[in-house]
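Protein chains: 2
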Amino acid sequence: MTQIDSAKEGIITTEMKQAAIAEGVQPELIRERVLDGTAIIVKNILRRQLKPLAVGRGLRTKVNANIGTSQDRINLEDELEKLRVSMEAGADAVMDLSTGGDINAIRRAILDESSVPIGTVPIYQAALESGKKGKSFVELGADDMFDAIERHAEDGVDFVTVHCGVTQKSVERIKKQGRIMGIVSRGGALTAEWMKFNKKENPLYDDFGRLVKIAKKYDMVLSLGDGLRPGCLADATDRAQIDELVTLGELAAVCLGEGVQVMIEGPGHVPIDQIEANILLQKRLCNGAPFYVLGPLVTDIAPGYDHITSAIGGAIAASAGADFLCYVTPTEHLGLPGIEDVRQGVIASRIAAHAGDIAKRVNGAMEADKKLARARKALDWNEQIRLSIDPIRTKAVRDLSPPEDASVCTMCGSLCAIKIDNR
Amino acid sequence: MTQIDSAKEGIITTEMKQAAIAEGVQPELIRERVLDGTAIIVKNILRRQLKPLAVGRGLRTKVNANIGTSQDRINLEDELEKLRVSMEAGADAVMDLSTGGDINAIRRAILDESSVPIGTVPIYQAALESGKKGKSFVELGADDMFDAIERHAEDGVDFVTVHCGVTQKSVERIKKQGRIMGIVSRGGALTAEWMKFNKKENPLYDDFGRLVKIAKKYDMVLSLGDGLRPGCLADATDRAQIDELVTLGELAAVCLGEGVQVMIEGPGHVPIDQIEANILLQKRLCNGAPFYVLGPLVTDIAPGYDHITSAIGGAIAASAGADFLCYVTPTEHLGLPGIEDVRQGVIASRIAAHAGDIAKRVNGAMEADKKLARARKALDWNEQIRLSIDPIRTKAVRDLSPPEDASVCTMCGSLCAIKIDNR
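First to last, the protein sequences are chains A and B.
First residue of the first sequence? That's 157 in the numbering used here, and the numbers climb one at a time after it.
First residue of the second sequence? That's 157 in the numbering used here, and the numbers climb one at a time after it.
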């Protein structure tokens, strides 16, 4: 039985109980939200050892780190180290987006080493295998796509991105309207090319029921990808994006009806004044399904700092109701992230998620800040370090600049306002 | 004549013209906003060579970098390098907050080397000089405080922070209400201590007219400091903070009446859901005077990353109408920033300001993003580097990870969505 099927029967599963403890809420609340589709429990039934992750309404905003090889950078050890660093830095989930080397072996190694849920984008696998067979992606059949998805499910992948909303109609709408960046999602671009070449509808949309069956068997979460997400601010919230979102809402309803857990992926590049509307739209059009956003990046002009541009957008999105943030690293738009980029990306995204949680009154969020504030007021540096989001860095930065008077810091010395105020 | 006095007579000054060109607006618009106090032109009349900086309604959001020695870190060369790096990274103004060494000489050296407006907090000087005379700050007379301010004006300082709103009443309100962090502004804490010891009202409030006269003589902008700003999220938007803001609004009206340019300083540590209300309150209570915010930091738990926590808050503040962002560096709360911290702080703050400018429709802001998006779509890497907010870093990050096919990057290789979409 899937989590939804159990919820329907009034059963509070072990996973719901574990998730409730992690969130500090009642198990019944988790059951209710799984039942109405406003929360999901991310855990493939094959991953028995995995601590389940709940994502959705009223719960702590979660953070995902994307790792994986590329055609230019193939090194399993590096990717396992990125996984380790992601978990150490506090990522709640990791996606293996490998597109280089033996990606079956890489995926399995990552699944073996991970104590957090693992997501993938199986269409990359299909695309790479077509290459190995001397074919172009557009020459693949629908079976190849579904087979790739099933293989990932069988390996224990907990959630998969599937670009089911990229339809002939929505792609037509991009052309009609015009866009600066066109399609910037790899899965979206591949799917659009496939449809054009084959003059057929997207198989993952056309035969969505087949996908639902695979997901159901493993209680694998379907993460309905936004293949037509905007790739720059000027393309945000346009007709193609919203058309796709409407489709994803319909498909999410199908999933819920079939007892399959689902979340919705969202943009991308969005100006600050459009973020709240994007969250509201997603929640309305998709019956409150969990919203998993990439960024959003609030400006296009800061390559090298897109962990910051997306922390801004992610914090606003989380405060408006986004449930799950996909990190962006400083290397976004420029290359495959290295290990330190991964750490930076996770921390920036966690800051955004936490700031959003305070604004939307998530259980316990504000208390963490009060505790650190009290340690700061007491000039208790060890406690400040311990309570901070990245104690290693906090300590390193402080140690870099040792003050003469250990009770203060080198910024203010005897002019420390806290010290004066404490007198 | 001050800029306001000229504006009253219908004169468009050279400074207004220069500012209008920099902003891409009509000079008459600058004159009107200077006249009604919704914009200021930051430039001490003694600084003849300085390009004037306009700050206020409808204009590009500006960024300030704080530099300066501390008692523990005294090195003029380092501070001059921080000034150079601030300007190179695009800071619109720099505050010299030196509190260590020969601060007169340091201030003058910084003024000499700076091509951007310089601000200071003269009360630090008064505090340090009391120490040299073997006195405590609380033993100073009102004259000592005004003398310090006048000396800075004579040196050509373009704007000064003065904590005029820290009154006996507002300090009493902190006590009555309770706060986790108390007073966290150095100027605020010193002033409160002085009032308590001397059982007198804050001289800068009590004899505000004297301050206005000094400012008027040099057309030096009075930056009315928020000495009672919250030092943690839990203290944000409390009665003491708002009481002080009401007072600052009254004082701003006095300034405008006397032809003296004024801006208002704002918090600090503020949860995301309170930022917009803080901007609205400031604008209403202070008749639309320019708002100069420190951060705001949207969580207390991320020391080591407060350039990010404040970029989040700064972007939201700017989008809601804040006019001027004071940067925060990664070293905030832990020590005096080094040179690289200064660069990181300026860039993070510029990202926030720009993202805010897009949201509030500042002239030309969105166009910059469209240009970069077009270069990205064309896979024109040189243009992407040139158009980015920090070309040196953009190039460095890209060069770190050279792709085999120079038209793409190591993230996607042949799966580059842009490349597929361009086919």
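A couple of the hints might just be wrong.
Each pair may be met inside one copy or between any two copies, as identical chains are not told apart.
Subject to a maximum C-alpha distance of 20 Å in a straight line, what follows is the list of computed DMTMM-like cross-link-like pairs (lysine to aspartate or glutamate) [to be verified]:
#1 Lys526 / Glu237
#2 Lys551 / Glu496
#3 Lys533 / Asp561
#4 Lys575 / Glu306
#5 Lys331 / Glu269
#6 Lys575 / Glu295
#7 Lys291 / Asp394
#8 Lys352 / Asp234
#9 Lys516 / Glu432
#10 Lys516 / Asp429
#11 Lys207 / Asp192
#12 Lys372 / Glu233
#13 Lys325 / Asp192
#14 Lys288 / Asp429
Worth flagging that the hints you see were computed from the coordinates, not collected in a lab.
Outcome of the hint check:
Taking the closest pair of Cα atoms, Lys526 and Glu237 never come within 20 Å of each other, the shortest separation being 34 Å inside a single copy and 37 Å across copies. In this homomeric assembly, Lys551 and Glu496 come within 20 Å of each other (Cα to Cα) both inside a single copy, at 17 Å, and across copies, at 18 Å. For the identical chains of this complex, Lys533 and Asp561 are intra-copy neighbours only, at 16 Å inside a copy versus 54 Å across copies, given an alpha-carbon limit of 20 Å. Taking the shortest alpha-carbon separations for Lys575 and Glu306, neither the intra-copy value of 62 Å nor the inter-copy value of 28 Å comes in at or below 20 Å.
Within a single copy, Lys331 and Glu269 get their C-alpha atoms no closer than 44 Å, and across copies no closer than 53 Å, so neither meets the 20 Å cut-off. Proximity of Lys575 and Glu295 under a CA criterion of 20 Å is satisfied inter-copy only: 18 Å between copies versus 71 Å inside one chain copy. For the homomeric pair Lys291 and Asp394, neither the shortest alpha-carbon distance inside one copy (34 Å) nor that between copies (66 Å) is at most 20 Å. For the identical chains of this complex, Lys352 and Asp234 are neighbours neither inside a copy (37 Å) nor across copies (60 Å), given an alpha-carbon limit of 20 Å.
For the identical chains of this complex, Lys516 and Glu432 are neighbours both inside a copy (13 Å) and across copies (15 Å), given an alpha-carbon limit of 20 Å. Taking CA atoms no more than 20 Å apart as the test, Lys516 paired with Asp429 passes in both settings, with 18 Å inside one copy and 8 Å between copies. In this homomeric assembly, Lys207 and Asp192 never come within 20 Å of each other (Cα to Cα): the closest approach is 22 Å inside a single copy and 60 Å across copies. For the identical chains of this complex, Lys372 and Glu233 are neighbours neither inside a copy (33 Å) nor across copies (66 Å), given an alpha-carbon limit of 20 Å.
Taking the shortest alpha-carbon separations for Lys325 and Asp192, neither the intra-copy value of 29 Å nor the inter-copy value of 53 Å comes in at or below 20 Å. Taking the closest pair of Cα atoms, Lys288 and Asp429 never come within 20 Å of each other, the shortest separation being 45 Å inside a single copy and 52 Å across copies.
In summary, the numbered hints that this structure violates are 1, 4, 5, 7, 8, 11, 12, 13 and 14.
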